[in-house]
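Residue numbers (the numbering used here), protein chains in the order written: chain A, 2 to 362; chain B, 9 to 289.
Just so you know, the hints here were simulated from the structure itself, not pulled from any lab data. Bear in mind the structure is a predicted one, so any value in this text is a computation, not a measurement. Just so you know, even glycine gets a beta-carbon here, dropped at the ideal spot from N, CA and C. Incorrect hints may appear among the rest.
Stated by the list, open to error - In silico contact screen, one side only, chain B against chain A (beta carbon under 7 Å); selected entries: (1) A89; (2) F91; (3) D93; (4) N95; (5) R99; (6) L112; (7) Y113; (8) S142; (9) R168.
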Amino acid sequence: MRLPIVAAIFRKDVVDAVRDSRVLVSLLTPLVLAILYNTIFPEERLFEAKIAYAGPETSALVRTLEQRAGQTVDLKLRQVSTAEEARRLVESQDVDAAFVLPPDVDDAVRSGRRPTIALIQPSEGSSAANFLSASLEAGLRTLAGQQSIATVQVERVQAGSKDQGVMGELGTRRYFVLATVVMMLGMIAVLAVPIILTEEAEKKTLDALLLVANYREVILGKALVGVAYSAVSVAIMLGLTRLPPADMVTFVAGTGLLSASLIGLGLLLGGLFKTAAQVYTWSSVVLLPVIMPAFVAGLPVPDVVDLALRLFPTFQGMRIMTNGLAGKTLFDDAWISYAILLVWIAIAYGLLAWRLSRRES
Amino acid sequence: MAAAVEVQDLQKHYGAVRAVDGISFSVAEGEVFGLLGHNGAGKTTTIRMLTGRARPTAGRAMIAGIDAVTDRDRVKPLINAVFEDVNLYDRFAGIENLRFFATLYGVKASRADELLDLVGLRDAGKRKTKTYSSGMKQRLMIARSLINTPRVLFMDEPTRGLDPTSAREVRALVAQLARGGTTIFLTTHYMEEADELCTRVAFLSQGKIVALDTPRELKLRYGQRTAVVLLRDRTEQTIRLDDPLEAARLADWMRADQVLTVHSQEGTLEDVFVALAGRSL
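Chain B extracted, bound-state conformation (with noise of 0.2 Å):
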C-alpha cells in the first residue's frame, strides 16, 4: 500500500533564497505527522507544494502514490487544508460557505449539515461568519476541510491565535479525526500541541529536516535525563541520571531513608526544538 505522502528531494528556490532544500520523508495511512520548526523555516512552503499550490523547483512529491506536481487534479480530491490564516467568505453565512465547496467537489448539500453538527455550529450555521468568534472561524475551517472527506488532511498551524479553550477544542476535532483514520499532516509552533498529537514529527530548520522520529524517541534523544530529588531536609537535589556517580548518591540517600518524593525531568519537544535550532542557527 502507498504511503499517504511520500516526497524525495523536495526543493524550493525563490531566487538564491532556498526555501525548502531538498526535504525526504513519508507519512503512513492514519498517521498524525507533524512538520516543526521556527517561523521561515519553510514548512508553509512544503504544505503549498504537496496541496498543489506551489511548483517544486525539484524533488517528488506523492500522494496516496499520485503524483502531487504532475498530477494534481487527481490528488485534489484525496486532500484538504486548513489554512493558517482565516480565509472564510465573511459575507456568506457558515452554511453558505460550506455548500459552495460541496458544490466545487461534487459531493452532496446535506454534508454540509452534518459537518456543522460535527463542529458544534450547528445554531449558528445561519448567521455570517465575520459574526463569528475566532474559535468558531477556525471549527468551520475545519469543518470545510472535510467536505470531501479528504485521505490526508494538511493543518497548518490550526490553532494559532486561539483561545486556549478554542485551541482545545480544536485539538480534540483533530484527535477525533485521527481515531476516524484521516492521515493529519500538522505544521504548528506549540511543542506541547505536536506532543500531544502528533505520532511522528520532523523538525524543519533552513529549508532542511534536522530531525524526524517520535516525540518520546527526540525528546529521550535531545531532552535532559534528569530526576528531582526532595530530601528529608526539603532540600531539592537535581541528578543526572546517566552519571554513575551521581546515580551512587541517589542510592546513599534512599539507603538513609533521606529522599522524600523524586521527580524525572523529562525533556519536552521545546527543548529539542531549542536544541536543534541551536545547533542549526
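Pulled out of the complex, with its shape left as it was, chain A reads as follows (with noise of 0.2 Å):
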C-alpha cells in the first residue's frame, strides 16, 4: 500500500466530487434538513438573553450570571459605560434587559452595606429579565454568604433506559437531527461514495489509475473520500443545528464505526452497477430499507420487528449516537451495538477484498 498514491486519488476525487451535481445533492440535501429542523422545532431552541450592564467586568455577579447561563440560556452579555446607555438600549430593544452595578458592588456586599443595583427591563417584562434578576439575586446571596433557607435535593434517576421513550428523553428535535445523521451518513456511503467509484469504470479512468496504482489503493482512496464527508457534514450538521455531543468519544466511535460500514457497503454496491446513472437510480431504492431502522430505534415497535432490526447497522449505530449525543447510556447493552457494527464492517471489507482479488485476476 503505497500512502502518496492513496493521498492523490483521495485529493483528487474530493474535488471532482463537489464538481459532481448528483453527489453534491447527496452532500447538501441533509444539511439543508439541518436548517429546516432549526425552522420547525423552535421550541427547543436555546433560549437566549441580551442584557448589557454598566460596572466593574470583574464583578462575581457578572460571573454568576454566566455560570447560571450555562448551556441552556444563549447570554449574549454586552457592558457599557453609563446606566444611561444600559436604559437606551433596552428603549431601544437592542438588549432585552440590563443593570447597573455600583463600582464597589462586590467589597459592599460583603460588607452588608446595601448597595443598589439598578434593573432596566421593558415594562412588560421579559423571560431574558426574570431570568436577569433571578441571577442576580441568587448571586447576591451567594456573595453574602448567605445559606439557602431550605435545601432543595435533586434526585437523579435513570429515566429512559428502555428503548422506548427514547425520543421523549431525547427531545425531539435532536431526536430527528440524530436520523437525519445517519440518513446523511448513509447518503454519502450508499449515494455518493460508489458514484465516485462507478464513473471511475464507467469513463474508463480506472485503467489508467489502475496503470500506477492497485485496486487496493484506490477503493482506500475512494473510501477515504466518504469519511472526510462524512465527518465534515456531522461536524457542520451538529453545528447548524447548535447540538454538541455530551459524550464525545462516544459520538465519535458510533459515527466513525457506522460511516466505515456503511461505505463499505456502498463501495460494495459501486462494484454492482456499471454506470453512475444506474447507481443514482438503484441507490435510492437501497438507502431507504439502509437507514430506515435508525429511525426506529427507540420507538415502540413488535419484538420480532425489534430483533430482527438490531441486525442492522444504522440500527445499532443509531443507539450509540443517541447515547453519546444525549452522554448518558439511553441504551443499554451497547457492546453488542459495537460488536454488531464491527461484525458489519468484517463482512463488508472481506467481501470487497474478495471481490478485489478476483478482479486482479
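Need the complex rebuilt from these two chains, each delivered in its own frame; the hints are there to steer you.
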C-alpha cells in the first residue's frame, strides 16, 4: 500500500465529487434538512438573553450570571459605560434587559452595606429580565455568604433507559437531527461513494489509474473521501443545529463505525453497477431500507421487528450515537451495538477484498 | 540486454473461451511493434495482461526483464498506455489531468506543462477536457501516457475514430516518440498505419499469432507479385511476375516498344490481413 498514491486519489476525488452535481446533492440535502429542523422545532432552541450592564467587569455577579446561563441560555452579555447607555439599549430593544452595578458592588455586599443594583427592563417584562432578576438574587446571596432557607434535594433517576420513549428523553429535535445524521451518512456511503467509484469504471479512467495504482489503493482513496465528507457533514450538521454531543468519544466512535460499515457497503454496491446513472437510480431504493432502522430505534415496535432491526448497522449506530449525544445511557448493552457494527465492517470489507482479488485475476 | 517485451506461451481463458491462446514474441528496445487482428482477436486482452490489468491463465510476460505478472509494482513505473477509448477526467482541465498523474507517478508538476507543449495543447490546458475535440483528447491521452517517461508505451487503437487530420497528427507524434527511442507496442485496425509506423507486426487471429515479421516481408510473402503494364494502344495488361511465360510477354512488348509504363502491384498489409483472416477463420 503506497500512501502517497492513496492521498493523491483522495485529493482528486474530493475535488471531483463536489464538481459532480449528483454527489453535491447528496452532500447538501441533509444540511438543508438541518436548517429546516431549526425552523420547525423552535421550542427546543436555546433561550437567548441579550443583557447589557454598566459596572465592573470583574464582579462576581457578572460571573454568576454566566455560570447560571450554562448551556441552557444563550447569554449575550454586553458591557456599557453608563446607566443612561444601558437604558437606551433597553428602550431601543437592542437588549432584553440591563443592570447597573456600583463600582465597589462586591465589597459592599460582603460588608453588608446594602448597595443598590438597578435592573432595567421593558415595561411588559421578558423572560430574559426574569432570568436576570433570579440570577442576580442568587448571586447576591452567594456573595453575602447566606445559606438557603431550605435545601432542595434533586434526585436524578435513570429514566428512559429502555428503548421505548427515547424520543421523549432525547427531545424531538435532537432525535430527528440524529436520524438525519444517519441519513446523511447513508447518502454519502450508499450514493456519493458508489457514484465516485462507478464513474471511474464507467469512464474507463480506472484503466489509467490502475496502470500506476492497484485496486486496494484506489478503493482506500475512495473510502477516505466518504469518511472525510461524513466527518465534515456531521460537524456542520451539529454546528448548524447547535447540538454538541455531551459524550464526544462515544458519539465519534458510533459515527465512525457506522460510517465505516456503510462505506464498505457502498463500495460493494459501486462494484455491482456499470454506470453512475444506475447507481443514482438504484441507490435511492437501497437507501431506504438501510437508513429506516435508525428512525425506528427507540420507538415502540413489536419484539420480532425490534429483534430483526437489531441486525442493521444503522439501528446499532443510532443507539451508540444517541448515548453519545445525550451523554448518558439511553440504550443499554452498548457492547452489542459495537460488536454488530464491527461484524458488519468485517463482512463488508471481507467481501470487498474477495471481489478485488477476483477482479485482479 | 533484456528485450523490452518478452512473451512466452501467454494464455488467457474466460471459461471455455480462449481469448489469448499461447502466444510468444519478443519486442526489442526502441522497436515499434504492431499487433494486428480483427475484433475479438485478443489484442486488447494481450495488452491488459502486459500492463498488469489482467492475470494470465498461463505463460510468462516480461517487461524489461521483470515479470509483469508476479512483479507488477516494479513494472508499473516502466510502462504506460494510450487506451482505445477516451478516458480523461472530463470535469478537470487538461493540465489538471496531467498534474494528477504526475502526482501519482511522483514526477514534477512541470512535466505536465512540458507535455502540453509537446502535444500542442498549451493554450487549451486550462480548459475542461469535456470541451476538447476528439483529436485534442487523443493528444492529451498521449501526453498523459508520457508523464512517467515510459520505456514501453502501449497504444491501443490510438487513431480510432479520429478525422484524417487528427489521425495524421497522432501518427506524427508516435513516429516522434519512436525516433526518441521509446519502445511502442501498437494495436490498430488501420493497416496503412501499421505499415507506416511499425518495424514489425504480428497478426493475431482467434487468440493465436498467425504471422509475425516486418511489414515488407509480410507483404512480399502474402501480397500478389504482379505488375500493370500500359501499352501504346492504351490498354492495360496485368502480368504475374512469378510466371516465366508472362515475363516473356513483357519482354516481347518491350522489344516492340509497346510499353508506356509499368507499375508493380506490391501487396498491402490489408491484403495480408485478408489472406490470413480468410485462412484462419
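Each hint, compared with the structure:
Here the hint on A89/B is kept, as its CB sits about 6 Å from the closest CB of chain A, short of 7 Å. At a threshold of 7 Å, the smallest CB-CB gap from F91/B to chain A is about 6 Å, leaving the interface hint in force. Nearest Cβ of chain A to the Cβ of D93/B: about 5 Å, under the 7 Å cut. The hint holds. Given the 7 Å rule on beta carbons, the hint for N95/B holds: about 4 Å separates it from the nearest Cβ of chain A.
Given the 7 Å rule on beta carbons, the hint for R99/B holds: about 4 Å separates it from the nearest Cβ of chain A. Evaluation of the L112/B hint against chain A yields a held restraint, the C-beta minimum of about 5 Å falling below 7 Å. Look at Y113/B: its Cβ gets to within about 6 Å of chain A, closer than 7 Å, so that hint holds up. Checking S142/B against chain A: minimum C-beta separation of about 15 Å lies over 7 Å; hint violated.
Of the supplied interface hints, the one on R168/B is violated, with its beta-carbon coming no nearer than about 14 Å to a beta-carbon of chain A, more than 7 Å.
The structure fails hints 8 and 9 (numbered hints given earlier, in ascending order).
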